[in-house]
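There are 2 protein chains.
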Amino acid sequence: MNRLREKAERFRGLHHGGILILPNAWDIPSARLFEDEGFPAVATSSAAMMVSLGYPDGEVIPRAEYFGAVGKISEKLSVPLTVDAAAGFGRTPEEVAQTARGVVGAGAVGLNIEDFDPETKKLFRADDQAEKIRQIRKTGEELGVPLVINARTDALRFASGNDRAKFDEAVSRATLYGDAGADCVYPMGLVEPDSIDAFVKAVRFPTNVMVRKGLPPIKELQQMGVARVSFGPYASYAAIGLLKRISREVRSKGTYTAMVDDAITFDELNALAVRKRPE
Amino acid sequence: MNRLREKAERFRGLHHGGILILPNAWDIPSARLFEDEGFPAVATSSAAMMVSLGYPDGEVIPRAEYFGAVGKISEKLSVPLTVDAAAGFGRTPEEVAQTARGVVGAGAVGLNIEDFDPETKKLFRADDQAEKIRQIRKTGEELGVPLVINARTDALRFASGNDRAKFDEAVSRATLYGDAGADCVYPMGLVEPDSIDAFVKAVRFPTNVMVRKGLPPIKELQQMGVARVSFGPYASYAAIGLLKRISREVRSKGTYTAMVDDAITFDELNALAVRKRPE
Chain A
1 MNRLREKAER FRGLHHGGIL ILPNAWDIPS ARLFEDEGFP AVATSSAAMM VSLGYPDGEV
61 IPRAEYFGAV GKISEKLSVP LTVDAAAGFG RTPEEVAQTA RGVVGAGAVG LNIEDFDPET
121 KKLFRADDQA EKIRQIRKTG EELGVPLVIN ARTDALRFAS GNDRAKFDEA VSRATLYGDA
181 GADCVYPMGL VEPDSIDAFV KAVRFPTNVM VRKGLPPIKE LQQMGVARVS FGPYASYAAI
241 GLLKRISREV RSKGTYTAMV DDAITFDELN ALAVRKRPE
Chain B
1001 MNRLREKAER FRGLHHGGIL ILPNAWDIPS ARLFEDEGFP AVATSSAAMM VSLGYPDGEV
1061 IPRAEYFGAV GKISEKLSVP LTVDAAAGFG RTPEEVAQTA RGVVGAGAVG LNIEDFDPET
1121 KKLFRADDQA EKIRQIRKTG EELGVPLVIN ARTDALRFAS GNDRAKFDEA VSRATLYGDA
1181 GADCVYPMGL VEPDSIDAFV KAVRFPTNVM VRKGLPPIKE LQQMGVARVS FGPYASYAAI
1241 GLLKRISREV RSKGTYTAMV DDAITFDELN ALAVRKRPE
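If you're matching them up, the sequences are chains A and B in order.
Counting from 1, position 160 in the first sequence corresponds to residue 160 in this note's numbering; the numbering is continuous, with no gaps.
If you want this note's numbering, it's the position in the second sequence, counting the first as 1, plus 1000.
Calculated from the structure, these hints are not laboratory results.
Values in this document were obtained by computation on a predicted structure and should not be read as measured data.
Do not rely on the hints blindly, as some may be mistaken.
Claimed, not checked - Part of the chain A face toward chain B, derived, beta carbon under 7 Å:
(1) Ile21
(2) Leu33
(3) Pro217
(4) Tyr256
Positions of the beta carbon are idealized from the N, C-alpha and C atoms, including for glycine.
Required output: the full structure, derived from the provided sequences and hints.
Structure follows, in structure tokens:
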């Protein structure tokens, strides 16, 4: 646990004093590639990882199967790994505590937790969500691994009222979650520069934004005070997009340009199956 | 087994009367994407799939774990699936028969089998390899699934003598394997148009070539009489190559062009977790 505690503290430190660029992986080679490219930590994308395991996004996959796969990634990584834990695979604080134990058991040091039901798309009561966050913090302390909690809110998508009301609800929830012990808050759907700027100014906790079309470049995000930028499922969207282009080129033109240009080699691929540094 | 028998026969038919373009996948979404793009069958790439499961290429992964993962892919596919079975996960005909049963058990209808030891890179005796092929054919018949056998030879890489001697050994082995019951022969390392042309002329069985830099386009391969072109691990090399470009762009320029341009959507990704058509 000393090693995990150290990794958790190192990962927490990355949220302060600079902007953390956090790539989301979905299997061993994608995670190891991001490590090789110099990212100081790696996250999982729940959508990309669940689909690669044959389940739609959400909480359809059994928790044990999901964390089993997370554990196989962490075994190969030297940098800290944080897990997208959907809505916590449970609705009660005790179930969420079990998920937090699963995170640590899988060798990860942080997690994302969402404040809406993936089935109904309804927001949970903010107080209930804050209680889950307190429970995760407590569980991490009991295990000796100070888990880095990224509290996602989908208030910008699912809260009632107009855009202003949704924004205010997102700020209010982020503040409540931060006060409950979240290390970082993650308002899903924040893309426009003005909204990002307003959100970061309104919330006194580190803020995570997700890459998507139209997101301002890293430098501007850093100037606004954003603490963390994550890829979400976008790297997997891009990889599948490339497989589409490869398929269409070979089927319509009979050539292989997209497949062989800028490809890595056999030795590079094979190296992604093993740890970079011994434990 | 009737469904698998029908798929095996359909897959065998694709080796006659046209050129089969066969994409090699490594997980559920890559396999499902290739199916969506209209390929009439899908193969696995051993290197790409083993690495995605955390093992280097070869026969390091336990056979049961490998075929378990193959089975999860076949559960989601409607088109025929063929498996790269390395050197058969065994050296005796009985061990290779067990692998053939594993192929059928995993819902696949064909396999590639190599004629060299992945540890030592030494070619097996040609007669021993032919005996394994006879054993696979027999096992398929016993199970009621006429497995489509793609007999790979690495004589062009590992046979002794000069290039001419290697070529002659590859032709001799391909002929022996075809006579033993292989449906298709697969000389690894055949890229130059003249060599492909000479090989296809010298061997009276369907020939498989692998995509790599410099391979003539499909139309020319078809004119030469090539029966099957497979991607090998190249689509995975390309996908990882894209993850490198994505990583370097965001780290050096702070932008996301390679990640968001030509990416698929959430709904497109999610659809790859489920079967296209019911069983």
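Open item on the list: Name the hints, by number, that the structure is in violation of.
Closed with: Failing hints: none at all.
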